[in-house]
Each structure stands twice: as structure tokens, then as C-alpha cells.
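Taken in order, these protein sequences are the chains called A and B.
Heads up: the first sequence begins at 1 in our numbering, then just goes up one per residue.
Heads up: the second sequence begins at 1 in our numbering, then just goes up one per residue.
Hints should not be assumed to be uniformly reliable.
Claimed, not checked - Pair by pair, the computed Cβ-Cβ distance ranges are: (1) L123/A x T62/B: 43 to 51 Å; (2) L339/A x K289/B: 40 to 48 Å; (3) R68/A x A151/B: 48 to 56 Å.
Claimed, not checked - A short list of chain A residues far from chain B (calculated; beta carbon distances all over 10 Å): (4) V8; (5) W9; (6) V15; (7) I93; (8) R114; (9) T150; (10) G242; (11) R293; (12) V298; (13) L326; (14) D389; (15) V432; (16) P491; (17) V514.
Since the hints were made in silico from the structure, they are not lab data.
Cβ coordinates follow ideal geometry from the N, Cα and C atoms, glycine included.
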Amino acid sequence: MTGQPRQVWWLGGGVIVAVLLSLWLLPWNLETFASAESLGDAFDRVGRYLGQFLHPDLTAPAVTRAARLAADTVAVALLGVALGLLLAWPLAIGSSRNVVFGDEPPDAPGRFVRSLLLQGCRLLLDVLRGVPDFVWAILIANFTGTNAVTGMLAIALSVAGILGKVLGEQWDNVEPQRYAALRSTGAGRLAVFLYGQQPLAARAMLSFVLMRTECAVRNASVIGVVGGGGLGAGLWDDYTDGNWSRVATMLLAMLLVTATTDVAANLLRYQLRIDPNHPQSRGTTDRRTGTRRRLVGVGVVLALLSASVWWLWAPIARVGSELQRLEWGFIGRYTTGLLLPDLAPATLWNVAQQAVIPLGVGVLATVAATALAGSAAFFASIAFQIEPDRYTGERLPRTRRALRWVLVVGTRGLGLLLRGIPEVAWVILLSVFFRIGLTPCVLAVLLHSTGVLLRVFAETLDNVPYRRLEQIAGACRPQIFLYGALPTAWPDWRTYAFFQFEVNVRIGVVLGTVGAGGLGDKFQSNLLFREFARASTYLWAMVLLTIAIDRLSRRLLLRRLKC
Amino acid sequence: MIRSRRTFLYSLPCAFALAACGGGDSKAAGNPANTPAAAPTEIRISAIPDFNKGKLEETVGTVVAFLAKATGLKVVYEPSSDYSAAVNGLVANKLDLVWYGGLTTVDAQDAAGKDAELLACRDIDLKFKTYFIANQKAIADGKIKPITDLADLKAMAKTLKFTFGDKKSTSGHLMPRHFLVAAGINPDQDFAGGAAYRASGGHASTMQAVANGEVDLGALNFSYYDKAKPEEKAAAPIVFTTPEYVDYCWVGHQRLGAATLGKIKDAFLKLDPANADDKKVLDAWGAGKFVAADPKAWDSIRQVKNALPKGFLE
């Protein structure tokens with residue numbers, strides 16, 4: 001399953017060229033390493049703030065504030081995902097080939113209208129997904145103010161784009177034999193969808209929604225930087241106050257929130273896995289247990305959502321009256337202005353140049369993170385550290401075994417830490433050493449995505465059936481890893497890495513506003529200076545980037561994301 | 001003309017909705033949306049986010065109570081997410097009275113037309129300044145020294161990391177850029193790695209970045225700097241002070257009605273430094289006193305904005 005050799009060469013060559021181009025074209029700021037003196041200065045700076053940073057402010061007011069902001073963050077994320085799912089559902093139906101066309105003949109009436117609907121829904125999903133949640137927040141906050149509702153809506157819009165695309169694809173990817181019986185009894189397209197595709201894809205969908213929820217919590221914890229409320233607003237306030245003990249408090253709260261959701265979502269996803277071929281299969285459950293679990297699940301979700309609404313009631317309650325009094329004529333003109341781009345050749349050329357930065361950030365951070373996470377996955381893998389006896393027959397003394405557990409837990413903990421701190425927060429920390437500019441931004445994305453990839457890589461590695469590893473059991477563990485497990489895990493790793501690339505390019509846009517420059521920075525400048533047509537060009541460029549990467553991954557015939 | 005007709009059209013469904021309510025909701029009925037003729041029941045005030053949120057809430061807090069007393073109306077503070085949001089909020093009927101900087105005052109005039117009324121500004125706003133401040137260590141190392149002419153900066157610029165404040169800040173970006181360009185310096189090319197901006201947190205953020213050495217040099221609001229803590233000032237001394245220009249202003253929207261706008265303006269102008277309560281408000285705003293705003297004074301800012309090379313937007 002490593003693909004045709006030709007494709008491997010193309011892909012490998014393409015990646016190398018992209019890396020070299022990025023290294024060459026990006027405006028690095030490396031003045032920290034210009035001389036021994038400037039390096040000394042950098043360590044001085046770190047030393048000065050580390051003292052404060054290592055003593056987080058844990059007094060009652062600081063902790064209460066952090067707890068309040070953390071609750072805001074979780075509520076914003078949960079409601080954002082819920083709203084996003086509501087919005088994604090109809091759009092996903094409209095963008096699913098199976099639901100819109102089914103197996104009707106190509107000359108069936110209304111074909112043109114239907115393909116319009118299909119393309120329209122897909123474009124809308126691309127727009128929702130292509131514009132990062134930070135940018136949505138910048139746009140929405142003009143009219144909703146700086147509060148949790150802004151964060152919630154921004155996350156809902158971007159989550160809708162991602163969920164809508166994946167849901168539609170998952171429905172289209174259900175193997176037709178599995179619902180052939182339904183179709184043969186004369187069920188229409190909608191019936192086939194409701195009783196066939198949808199239930200068959202439900203488990204994978206739920207797993208993906210859980211993953212997005214976890215991401216949404218991470219994003220919600222920084223969206224306050226641009227007006228979305230929650231921990232991000234507090235973090236930036238403390239940073240601009242120069243209060244590093246409080247910055248540390250905020251980061252601890254962030255870590256606590258993201259790590260908890262991370263572990264919880266993962267445990268739940270583990271329960272959803274019923275593949276009997278899985279080395280650690282839980283087996284199937286009987287119907288009563290299944291129903292009970294479902295009821296408990298629905299109950300917990302409803303309880304969490306109600307609690308979130310209750311917690312954010314003050315800003316939510318105001319939405320109605322605010323909407324009523326807003327002058328919609330102005331908002332209409334503002335929105336129209338942002339939809340109509342300036343297509344002058346000079347502008348387009350500038351946009352293309354500015355797009356190099358997020359693309360370069362995405363390429364370098366993703367390639368480096370893939371290499372780092374790939375190597376670290378070996379140390380984080382249960383299959384290679386704890387259970388090699390299952391396929392090599394090795395017998396380990398208890399102390400060695402304990403040490404290996406330490407290694408596994410340590411590596412996984414490191415991954416949790418790396419991904420638990422959002423990119424924007426990494427930039428703040430790294431800028432003390434590297435100073436403001438592109439370098440800390442690239443490193444921030446690299447560190448964060450290493451954490452993200454490490455988990456999915458280790459998970460894929462542990463999913464490799466042991467019988468594949470038995471064949472070369474005479475070799476040492478690294479050899480088994482390289483020649484036994486890697487070829488099996490690689491297609492999945494590649495898919496995850498490519499998806500992460502798409503995410504990282506969007507983050508590259510976002511980080512433009514905090515020092516990386518490029519697309520995000522220019523978009524914001526033009527928006528602020530009321531050059532709406534040019535801002536629109538930059539906005540469309542973000543969408544086009546996402547579409548281009550998406551189509552590229554389809555061309556490369558990457559495997560669909562398994563959840 | 002089109003605008004007012006639209007306003008009328010949009011107020012129609014609201015009026016029907018209110019009629020249907022039968023006046024049960026007295027709060028909503030007392031303040032129908034977008035109807036300038038009706039007397040307002042509350043004033044929504046805001047300010048450009050030129051400092052971090054905590055500091056801003058502190059300052060605005062002092063004026064909320066004072067305005068409520070002066071007008072007899074409820075005064076609500078609505079934080080603005082960025083400089084531009086404070087302008088859009090005024091036009092979109094989200095905000096009624098906003099504390100703008102020079103550039104945003106001009107934007108509000110352009111976006112809201114005659115509906116935007118310039119009310120009052122501080123004495124210092126008619127002779128505002130920008131400080132260029134440098135990191136103490138960079139000065140000690142001789143990377144930069146205090147200068148009397150910005151043109152002297154050109155020789156040192158190549159090795160200096162420089163940051164403006166918020167992109168829309170008059171004292172943090174527009175005017176310092178204007179003076180740099182006038183001195184023959186292209187901030188986007190001449191400084192090491194080009195000029196940076198502060199994503200949020202305004203002048204406090206610039207001060208922090210210079211003080212902790214993330215950048216060597218920064219441009220910020222002189223009034224914020226003068227009120228900063230001594231240890232921060234010591235870590236980031238002033239190396240250059242720009243010539244004077246016009247900056248901040250209170251701008252109200254006509255929907256508040258001429259009577260209310262008049263009351264607000266009078267209240268600001270009557271603030272007396274000899275009165276202890278008034279002094280608190282003035283001190284919080286860094287003002288000696290408030291003076292009536294003459295809209296023509298901000299034309300100079302409009303000219304600077306229009307004449308400035310816009311390479312940083314391309």
C-alpha cells in the first residue's frame with residue numbers, strides 16, 4: 001500500500017523542492033544567532049522572565065479569574081461545535097454525491113439544478129473552512145463585540161466547514177454493498193441516506209466530531225486574542241502587562257483544559273472502536289448495553305450544552321435585542337464589499353507573493369513535525385515498548401519493563417504538552433528568545449503539530465496487527481519498526497500529515513497577525529484601513545489556498561482519514 | 001438619502017413587532033431601533049482598544065458614572081475588539097458615543113458622514129506626540145543613541161528591530177510612519193526584518209516588547225508612556241520625540257439627538273480640575289481639561305492618511 005513507485009518519487013521530490021523553496025524564500029529572523037553577544041542577550045531575556053514564569057501566580061484572585069476564563073473557553077468550544085454541527089449537517093447532505101444524485105441516470109430531470117446545489121454547498125463549505133476561525137472572529141467581532149458569543153460563532157463557522165466536508169465524504173465513502181439491500185427494496189435517495197449511509201458512517205462521524213471538539217477547545221483558548229473571550233484574552237492582557245507569573249497561570253489553565261479534553265475525547269474514541277481485528281479490540285457489545293451507552297452519551301452531551309448555555313447566558317441573552325437594533329443596511333454593504341475582490345494584476349501578484357509565507361510555514365513545520373513525531377512515535381508506542389513479547393517472544397526483567405513504561409508515558413506526556421499549548425501561546429513564549437518575526441512562528445507551528453501528529457502516529461502504529469510484525473521478529477525492535485510497522489502505518493501517516501499541512505497553512509495565515517507577516521497580516525491591514533476590495537482579494541486567497549491543497553490531496557489519492 | 005430611506009424601511013418591521021407586543025416590553029418599546037427622533041434611554045459607549053483590556057476598563061469606568069449623572073440616562077460600556085470595530089459599531093447602531101484616536105475619528109467622519117458629531121477632546125489631544133523608545137540594553141551596547149533628527153536613525157536602522165503599535169493607531173503607527181517617511185526612512189525595508197506591529201494590547205504591548213528586548217525600538221503614545229511605571233520607563237528610555245499633531249476625540253452619533261449630544265459635550269467641557277470628583281475623571285483620562293472639538297482640526301490627519309505611501313497595504 002505504498003502507492004506506485006512513480007507517485008512516490010513525485011511526492012518525495014515535490015516535498016524536497018517545497019522545503020528548499022520555503023527555506024530560501026521565507027524572511028527568517030535569526031539575529032539572535034548573529035553573534036555570541038546577541039545570543040547572550042537572548043539568554044538574559046529568557047532568564048529574566050523565567051524566574052517569574054516558573055512561579056505562577058496562584059493567589060485566590062488569579063486562580064478564580066483563570067477558572068472563570070477556562071469555563072468560558074470550554075463553553076465557547078462546546079457551543080461552537082454544536083452550532084457548527086447544526087450548520088454542517090444540511091450542507092453535508094447538499095454536498096454528498098450519493099444523496100444529491102444517488103444512482104439515478106445522468107439524464108434524469110433536474111440534473112443541472114442538482115449539480116448547482118452540489119457545487120454551491122461544496123463552495124460554501126470551502127469558504128467556511130478556508131477562512132480561519134481567527135479571521136472569522138475579526139470579521140464578526142465588529143458587530144457582536146468582544147465577548148464569548150463572537151468566539152462561539154467564529155468557531156461554529158470554521159467547524160461547520162470542516163465537519164461538513166468530512167461528513168459528506170464519509171457518507172459517500174460507505175461501500176455501496178452495505179446498503180444494497182435497502183436500495184433493492186426501492187428506497188429513495190433520502191431513505192437510503194437516512195437508514196443506510198448515515199447510520200453506517202455514524203461511528204466514524206462521532207469519532208471525528210470528538211476530535212474536532214478537542215481542537216475547538218484549543219482554538220477557543222486563544223481566540224480571545226482577537227475578541228473572542230476566554231483564556232486568550234486573559235493571556236494577552238497579562239502578557240502586555242508584562243506579568244509573567246500571571247502568563248504562567250493562564251498557560252497552566254490552558255494546559256489543564258486542553259489536556260483534560262484531549263484525554264477525555266481519546267478515551268471516548270477508544271470506546272467507539274469495535275474493529276475485531278484490532279490488537280486491543282474491545283469486542284462487540286450486546287444491544288442493551290449499546291442502548292444504555294447511547295442514552296448516557298446523549299444525556300451527558302445535553303447536560304454539557306445546557307451548562308454551557310447557562311454559563312454564557314448573559315451575552316447569549318443579549319443577541320436577540322442586539323440583532324434587532326443593528327443597522328442591517330450598513331452590515332449588508334460591509335459584507336458585499338468584502339465579497340467583491342480587487343482583481344487588478346498588481347494586486348493579484350502581491351497576493352501570490354504574500355501567500356508564500358503561510359505556505360512556507362505550512363511546508364516546513366509539517367515536514368519537520370512529521371519527521372519528529374514519526375521518530376517519537378516509536379518511543380510512545382505500546383506495541384514497540386510494552387508488548388514486543390507478543391510477537392518477538394522477548395522476556396524483559398521487571399525493571400526494564402518499568403523503564404519502558406516511563407518512556408512511553410514520558411513521550412506521550414511531552415506530546416500532550418506540545419499540543420496542549422496553542423500556537424499563538426507558543427509564539428509569545430518563543431518571541432522572548434528569538435524576538436518577533438517569522439522564526440518563532442515557524443517553530444510554534446512545528447512544536448504544536450509535532451504534539452498533534454505524535455498522538456495519531458502512535459495510535460496508527462499500535463493499530464498495526466501483530467501478525468505483520470511476527471514475520472520479521474528475528475530483527476531488533478528499531479528494524480521491526482522500520483521494515484515491519486512503517487510500511488503499514490505510512491499511508492495513514494501521510495494522510496494525517498497532509499491534513500495537518502492544510503491546517504498549518506491556515507495557522508500560518510493566523511500567525512501573520514502576530515509577527516509572521518504575509519497573507520493574514522496584509523488582510524488585516526487592508527480591512528483596518530477600509531480597503532475592502534483588497535481585503536476581499538486576500539480573503540479569497542485564503543479560501544483558494546485551502547481548496548488547492550484539498551484538491552491536491554485528492555489527486556494524490558491519499559487515504560481518507562480514519563477516525 | 002438612500003441611507004435614511006433604508007433606515008426607515010428597516011424600522012418598519014420593528015415598529016410592527018413592537019405594536020404586536022402591545023407595549024408589554026417597555027424597555028424595548030422605549031428605544032426602537034434606528035429611530036433618531038425618539039429620546040434614547042441608554043448610551044452605549046466604547047473606546048478604541050489602545051491599551052490592554054484591564055487598563056481600558058479602569059479608565060472607561062470613571063466616565064460611565066459621570067456621563068450617567070450628566071445625561072440622566074443609563075450608560076453601558078461595550079468593549080471594541082479592534083480600532084476598526086469601534087468605527088463600524090458607530091455606523092451599525094451598536095455604539096452611540098466613542099473615544100476615537102485621530103485616524104479613527106477621520107474614519108468615523110467618512111463612514112457615518114454628518115451623523116458623526118465631534119464633541120470634545122482633551123487639551124493634550126491638540127498637541128499630541130509620539131515617543132520613540134529604545135531598549136535600555138540596546139542603548140548601553142551603543143546600537144542606538146538618542147537622536148534629535150529622525151534622519152539620523154537611517155544609519156542605525158539596519159541593525160535595529162522596530163515595532164509600531166496597532167496598525168490603526170495614530171500615535172503608534174500613522175504619525176510615526178509619516179515622520180519616518182518624511183525623514184527618508186522606509187520602515188518596511190530599512191529596519192531589520194521590516195517594521196513589526198502589535199496584534200493587540202496597543203501601547204502597553206509596545207512598551208512591553210521594547211522593555212523586554214523583543215524589539216530594540218518602538219513608537220508609542222507619549223501620554224501612556226508618561227504615566228507608565230518608573231521601572232518600565234527605565235528599561236525603555238525615550239530616544240526621540242515627534243513634532244505635535246491632533247489625536248483623540250469623543251465622537252457621538254446623531255441618533256442620540258441634539259439635546260443629549262449637547263448635554264454630553266457640556267458635561268465634558270465643564271469638568272473642572274479644581275473640583276475633586278472632576279479631577280478624578282480628568283486624571284483617569286490623562287487630561288488637564290476637555291475642550292470643544294473643531295472638526296477642521298482633524299483634516300490634517302486626513303491629509304497625512306491620504307498622502308502616506310501605502311506600500312504596507314500591498
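Going down the list of hints, with the structure as the test:
For L123/A and T62/B, the Cβ-Cβ distance of about 50 Å falls inside the hinted range of 43 to 51 Å, so the restraint holds. For L339/A and K289/B, the hinted distance range of 40 to 48 Å is satisfied, since their beta carbons lie about 46 Å from each other. Against the hinted window of 48 to 56 Å, the Cβ-Cβ separation of R68/A and A151/B comes to about 51 Å, which satisfies the hint. At the 10 Å boundary, the C-beta of V8/A stays outside the reach of chain B, the nearest C-beta of that chain being 38 Å off.
At the 10 Å boundary, the C-beta of W9/A stays outside the reach of chain B, the nearest C-beta of that chain being 37 Å off. Distance check for V15/A against chain B: the nearest CB is about 27 Å away, which clears 10 Å, and the non-interface claim stands. With a least CB separation of 31 Å from chain B, I93/A remains clear of the 10 Å interface cut-off, as annotated. Distance to chain B confirms R114/A as a non-interface residue, since its nearest Cβ pair spans about 34 Å, more than 10 Å.
Chain B draws T150/A into its interface by the beta-carbon criterion, the shortest separation being 7 Å against a cut-off of 10 Å. Its closest Cβ contact with chain B, about 5 Å, brings G242/A to no more than 10 Å, contrary to its assignment away from the interface. No beta-carbon of chain B comes within 10 Å of the beta-carbon of R293/A; the shortest separation is about 42 Å. Distance to chain B confirms V298/A as a non-interface residue, since its nearest Cβ pair spans about 35 Å, more than 10 Å.
Not every Cβ of chain B is farther than 10 Å from the Cβ of L326/A; the closest lies at roughly 5 Å, contradicting the non-interface assignment. D389/A, annotated as away from the interface, keeps every beta carbon of chain B farther than 10 Å; the closest lies near 52 Å. Its closest Cβ contact with chain B, about 7 Å, brings V432/A to no more than 10 Å, contrary to its assignment away from the interface. Non-interface call for P491/A relative to chain B: holds, since the shortest CB-CB distance, roughly 39 Å, exceeds 10 Å.
Distance to chain B contradicts V514/A as a non-interface residue, since its nearest Cβ pair spans about 5 Å, not more than 10 Å.
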